[in-house]
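Kindly produce the complete structure, drawing on both the sequences and the hints.
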Amino acid sequence: MDMLKVSAAEFQRNIGRYQDLALRQPVAVTRNGRESCVLLSTEEYRRLKRRDREALGLEDFTDADIAALEASRPPEEAKAFDHEFEP
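As numbered in my numbering, residues 35 to 121 make up the sequence shown, in order.
Read the hints as simulated data drawn from the structure, not as lab findings. Just to be clear, a hint being listed does not mean it is correct.
[Said to hold, decoys possible] Within a straight-line C-alpha distance of at most 20 Å, the following computed SDA-like cross-link-like pairs (lysine to any residue) qualify:
| # | residue 1 | residue 2 |
| --- | --- | --- |
| 1 | 83 | 60 |
| 2 | 39 | 67 |
| 3 | 83 | 72 |
| 4 | 39 | 55 |
| 5 | 39 | 50 |
Pasting the structure below:
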């Protein structure tokens, strides 16, 4: 989903317009050129919150899913973080 970016000043001048646009796509509000918050529809927010609380158990995975996870290997560049596992 594409995200529209708008400055905080522009957002304040045309808040109604951006509220309407946020019903169709997220609107990122920037401050000093950096994204500071995102306006999105209530429906999308609730969908994301539902997913946030979703927890899967092993019984939710097929044998093929489990086999694929067991066969997976991290990419070589992940070795740069090995030191984080040292006591």
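Going down the list of hints, with the structure as the test:
1. 83 x 60: holds (15 Å)
2. 39 x 67: holds (10 Å)
3. 83 x 72: holds (15 Å)
4. 39 x 55: Holds: residue 39 and residue 55 sit about 11 Å apart, inside 20 Å.
5. 39 x 50: Since the Cα atoms of residue 39 and residue 50 sit roughly 15 Å apart, the hinted pair holds (cutoff 20 Å).
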